[in-house]
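S.K.: Take a look at the letters that make up each chain.
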Amino acid sequence: MSPGARDVLRGVAWISPWLVGFAVFTLGPAVLSAALSFCDYGLLDSAVWVGLDNYRELWGDPMFRVALRNTLVYASASAVLGAAVTLGVALLLERGLQGAALVRAIVFLPTLVPVVSACVCWMWLLNGRFGLVNQVLGWAGVEGPNWLGDARWAMGSLVVMSAWTIGGPVLVLGAAIRNVPRALYEAADLDGATGLRRFGAVTLPMVSPAVLFNGVMSVIWSLQVFGPPFIMTKGGPENATQVYAVYVYQNAFVYGRMGYACALAWVHVLATLVLTLGLLWVGKRVVYARGA
Amino acid sequence: MSAGAAEVTRRAFLGALAAAGVGYAAWPRKPRGREGVPAGRVVIEYWEKWTGIEGEALQAVVDRFNAMQDRIWVRRTAVSEILSKALVAIGGGDPPDVVGLFSFSVPQFAETRAAWPMEELEADFDGGKGVGVGAIDRGAYAPAVLRLLSHGGKQWAGVSSMYNLALYYNRAMFRAKGLDPDRPPRTVGELDEMAARLEERGPDGRVRVAGFSPRLPEWWPYFWPVMFGGRLYDAEGDRAVLTDEATVAAYSWVQATARRVGVEDGRDFAASFSRSFHSPQDPFISGKAAMIVQGPWIANFIARYSPGLDYGAAPVPVAEGLYDPDQPRGMLEADVLMVPRGCRHPAEAYAFVRWMQSREAQEDLARRHGKGSPLREVSPGFRAGHPNRVVAVHDAITASPAVLVLPQTRAWQAYADLMNGMFDAVWRGADVRRALGDVERRAQGLLDQAARLRAKRGGAGGGA
Numbered sequence: 001m002s003p004g005a006r007d008v009l010r011g012v013a014w015i016s017p018w019l020v021g022f023a024v025f026t027l028g029p030a031v032l033s034a035a036l037s038f039c040d041y042g043l044l045d046s047a048v049w050v051g052l053d054n055y056r057e058l059w060g061d062p063m064f065r066v067a068l069r070n071t072l073v074y075a076s077a078s079a080v081l082g083a084a085v086t087l088g089v090a091l092l093l094e095r096g097l098q099g100a101a102l103v104r105a106i107v108f109l110p111t112l113v114p115v116v117s118a119c120v121c122w123m124w125l126l127n128g129r130f131g132l133v134n135q136v137l138g139w140a141g142v143e144g145p146n147w148l149g150d151a152r153w154a155m156g157s158l159v160v161m162s163a164w165t166i167g168g169p170v171l172v173l174g175a176a177i178r179n180v181p182r183a184l185y186e187a188a189d190l191d192g193a194t195g196l197r198r199f200g201a202v203t204l205p206m207v208s209p210a211v212l213f214n215g216v217m218s219v220i221w222s223l224q225v226f227g228p229p230f231i232m233t234k235g236g237p238e239n240a241t242q243v244y245a246v247y248v249y250q251n252a253f254v255y256g257r258m259g260y261a262c263a264l265a266w267v268h269v270l271a272t273l274v275l276t277l278g279l280l281w282v283g284k285r286v287v288y289a290r291g292a
Numbered sequence: 001m002s003a004g005a006a007e008v009t010r011r012a013f014l015g016a017l018a019a020a021g022v023g024y025a026a027w028p029r030k031p032r033g034r035e036g037v038p039a040g041r042v043v044i045e046y047w048e049k050w051t052g053i054e055g056e057a058l059q060a061v062v063d064r065f066n067a068m069q070d071r072i073w074v075r076r077t078a079v080s081e082i083l084s085k086a087l088v089a090i091g092g093g094d095p096p097d098v099v100g101l102f103s104f105s106v107p108q109f110a111e112t113r114a115a116w117p118m119e120e121l122e123a124d125f126d127g128g129k130g131v132g133v134g135a136i137d138r139g140a141y142a143p144a145v146l147r148l149l150s151h152g153g154k155q156w157a158g159v160s161s162m163y164n165l166a167l168y169y170n171r172a173m174f175r176a177k178g179l180d181p182d183r184p185p186r187t188v189g190e191l192d193e194m195a196a197r198l199e200e201r202g203p204d205g206r207v208r209v210a211g212f213s214p215r216l217p218e219w220w221p222y223f224w225p226v227m228f229g230g231r232l233y234d235a236e237g238d239r240a241v242l243t244d245e246a247t248v249a250a251y252s253w254v255q256a257t258a259r260r261v262g263v264e265d266g267r268d269f270a271a272s273f274s275r276s277f278h279s280p281q282d283p284f285i286s287g288k289a290a291m292i293v294q295g296p297w298i299a300n301f302i303a304r305y306s307p308g309l310d311y312g313a314a315p316v317p318v319a320e321g322l323y324d325p326d327q328p329r330g331m332l333e334a335d336v337l338m339v340p341r342g343c344r345h346p347a348e349a350y351a352f353v354r355w356m357q358s359r360e361a362q363e364d365l366a367r368r369h370g371k372g373s374p375l376r377e378v379s380p381g382f383r384a385g386h387p388n389r390v391v392a393v394h395d396a397i398t399a400s401p402a403v404l405v406l407p408q409t410r411a412w413q414a415y416a417d418l419m420n421g422m423f424d425a426v427w428r429g430a431d432v433r434r435a436l437g438d439v440e441r442r443a444q445g446l447l448d449q450a451a452r453l454r455a456k457r458g459g460a461g462g463g464a
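Quick note, the sequences are listed as chains V and E, same order.
Positions 1 to 292 (the working numbering) are the ones given, in order, by the first sequence.
Positions 1 to 464 (the working numbering) are the ones given, in order, by the second sequence.
Mixed in with the good hints there might be a few duds.
[Said to hold, decoys possible] To give an idea of the interface, some chain V residues facing chain E are shown, with a C-beta separation under 7 Å as derived from the structure:
no.	residue
1	Asp40
2	Gly42
3	Asp45
4	Leu52
5	Asp53
6	Gly99
7	Asn127
8	Arg129
9	Asn146
10	Gly149
11	Leu196
12	Gly200
13	Phe253
14	Val254
15	Tyr255
16	Gly256
What the hints contain is simulated information worked out from the structure, not anything from laboratory work.
None of these values were measured; they are calculated from a predicted model.
We treat Cβ as the ideally placed atom computed from N, Cα and C, and that holds for glycine.
Only chain V is shown next, with the shape it has when bound in the complex:
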C-alpha cells in the first residue's frame, strides 16, 4: 500500500465515528424519506406504494401553495432585513466606540435564548392590548395593531422578530470589517473619499463575501423556519403565517400522512438547493472575490 493510500485510510479511520453517525442518522433517513415520498405511510401501518401520487397531489393542494408562498416571503424579507440590520450593527460596533464590547455581548445574547422562551416574550411584547410595543406606540399617540392576530401584520411581525437573532452574522461581518486593510482607507482618504463613498467603494466590496455568506445562511435557515410560527401563531390568522416546515410537521405527525410529508420535504430540499445555487451564482457576479 502506498503511503498516500495509507494516509487516506488513516484519515478515514479517524473520521469513521462521524461517517457512521452521518450514515445512520442523516444519509439513511434521507434515502428512506425519498423512498417513502412515493408511498402512503402513516407511521402506524406499513408503507403502500402509490407512485407519484403524493407529488401529483402537491399541485392540487392549496395549502401547499400558501405555505410555499409564505415561506418565500418570510425568507426573502428576513434575509434582506437581517442583512441590513447586521451590516448596520456590525459597522457601529467596529467604530471603536466606548462600550462596544458590552454591546457586542448584548447583541449576541438573544442567540443563546431558547426559541420557546423568546417566542413567549415576543408574544407578550406584541400583544395587541397589553403589549409593550403598543404601549409605547400609544404614548406617541399611535394605536398599534394586533400584531400577531391580524393577518395583515402577523407575517411582518415574525420577520421583524427574526432580526432579533443576529449575533452570529454580526460576529462574522465584524471580523470581515476588521480585516479590511487600513491602506485601502488611507488611499480612499487621499482620493478625498468620505463617509458613504468610503463605505461604498472600500468597506462593502471588501466585506461582500461575508455578506453573501450571511445571506445564504440566512435564506437557508429562514426557509426552515418552524418555532416562531408554530408557537406564536399556529399558522394563523387566516393561514397568514402557515409556513412550509410547519405544514410538513402537521402532515407527518398530526394528520398521520408521513408519505405526503416526505414528498413535501423533498420539494423543500430541492427549492432550498435551487435558491442557494441561485444566490451563489448571483454572488459570483456581485461579490468582490479578493475581499475573501
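Position chain E against the provided structure of chain V, taking the given hints into account.
M.R.: Showing chain E alone in chain V's frame:
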C-alpha cells in the same frame, strides 16, 4: 509541588478514577425505571397529556389503582404533543403500554390497527391475570360515548374522561345589568340580546368586557353549527356536510356577531387572551367576558383562581324553533385510553384500562376534573358532592338524544384545521356560502383520499 506535600502520581489518579467507576457500576441499586416501585410488580408505562392540577388529579386516581392491588404498578408520564409522540413511539416499535389520546384519534388507530381492540384484549387476557380483568360493560356507557370509542363495529379505546361544551355565564354581571341570573339565554336571539346588554366599552370605544364572543376561546371554530342543527359530517355516506342551511346559518350568525362587536375590535379582544385561558387572566375568570362557551374543566380553574365568582351554566342556546329543554344540544368529545400494539404488557395494560372504566374510577376522576360521568348511570352522591356545581348541565347534554359526537373520521384533524382558516375569513366578511363550499370540497377530498387508501390497504380496521 512543594516539598513534603503528598504527591499524586498520574497512575494513582487514574487507578482511583477507575476504581470509583467500577464501584459506581457495581453498587447495588434499582434501575431508575423501578425506583419507588414495590417489589414484584409489573410496571406499565402510561403516557397522558394532562399536566398541572389535571395531571395531579389523574395521578391520585392512578395511585388508587396502584394501592388497591399488588401485581401492577402504573407509572404515569405527562407528555406534551402526545399524538405526535405516540405516532413516533408506536411506529418505532417502542410504545408505552397505555396512551391517553383523543376520541378523534380512534379512527386512525383503528384503521391502521395500531391499537388493540378491547374485544381482543378481553378474549386474550380474560381469566384471572390480574385485577379487575373481565369484559368491559359496554351497556354502562352513555350511548354517545360508546360511539366515540368505537370504529368499524369494535371498541378501540376506553374512556378516561368525557366532556361537552356548555354556556357558562357570570351571574353577578347578569344581576348588575338587570338580567335574571336564573334565566340564561335559550335561543341565539336571546344570546345576542343579552350579550349586547352585558358588553362594556371603554372611552376609546373598544370592548372592555365582552358579552359573548364565538372567538372566546378560538379553540372550536367547528362547534357553532351544533347550535343551529348542523352536523359537519355524514358518517353513513362519509361526506363532509358544510353547505346545508343550518351550517350556513351558523356561520352567518358568526359573521353578524363580528359586525356587532366590530371585526377588528372583536378579534383583537379575543387575541389578547390567547395565552390566558385557565389562568387568573382567563377572560371569564377575570370578569372580562360575561358569557363563554367552555368545557366543565373551567370549574376547577374558577375554584383555584376566583373561588368567589358567582357563575352558572346552561346548554348552549339554539336557533329559534330548536329549543327543547328535554333534548339539549351539544357535541361530545372524549379523552381516551388505548393499548398500542407492540407494547410490553398488554394484559396488565388492559387490566388498568378495564379498571378505569369502572364507575368508581370514572366518578373519582370526573369529580377531580370537574367533569360529568361518561356512564349512563351515576352514583347517588356523585352530583351532590361534585366540585362543579353545574355538572348536571353537562350530564344532561351527554344523555340527550340530540347530542352529536365529534366527527369520527381519520381526516378530522386536517378537516378541523381547514375550518380555522374558514372561520377567520367569515369573521372578516367573506361570503359565507362560498367559504363553506370551499372547505367542504377540500374536506371531501381528504375524506375521499382516506377512503381510497383504505380500499388500497384492503379496508383494514373497517370503515367509518
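S.K.: It remains to establish, for every hint, whether it holds in the given structure.
M.R.: Okay, the hints, checked on the actual structure:
| no. | hint | in the structure |
| --- | --- | --- |
| 1 | Asp40 | 5 Å, holds |
| 2 | Gly42 | 6 Å, holds |
| 3 | Asp45 | 4 Å, holds |
| 4 | Leu52 | 15 Å, violated |
| 5 | Asp53 | 9 Å, violated |
| 6 | Gly99 | 36 Å, violated |
| 7 | Asn127 | 6 Å, holds |
| 8 | Arg129 | 4 Å, holds |
| 9 | Asn146 | 4 Å, holds |
| 10 | Gly149 | 3 Å, holds |
| 11 | Leu196 | 42 Å, violated |
| 12 | Gly200 | 44 Å, violated |
| 13 | Phe253 | 4 Å, holds |
| 14 | Val254 | 6 Å, holds |
| 15 | Tyr255 | 5 Å, holds |
| 16 | Gly256 | 5 Å, holds |
Hints 4, 5, 6, 11 and 12 from the list above are not met by this structure, while the remaining hints are.
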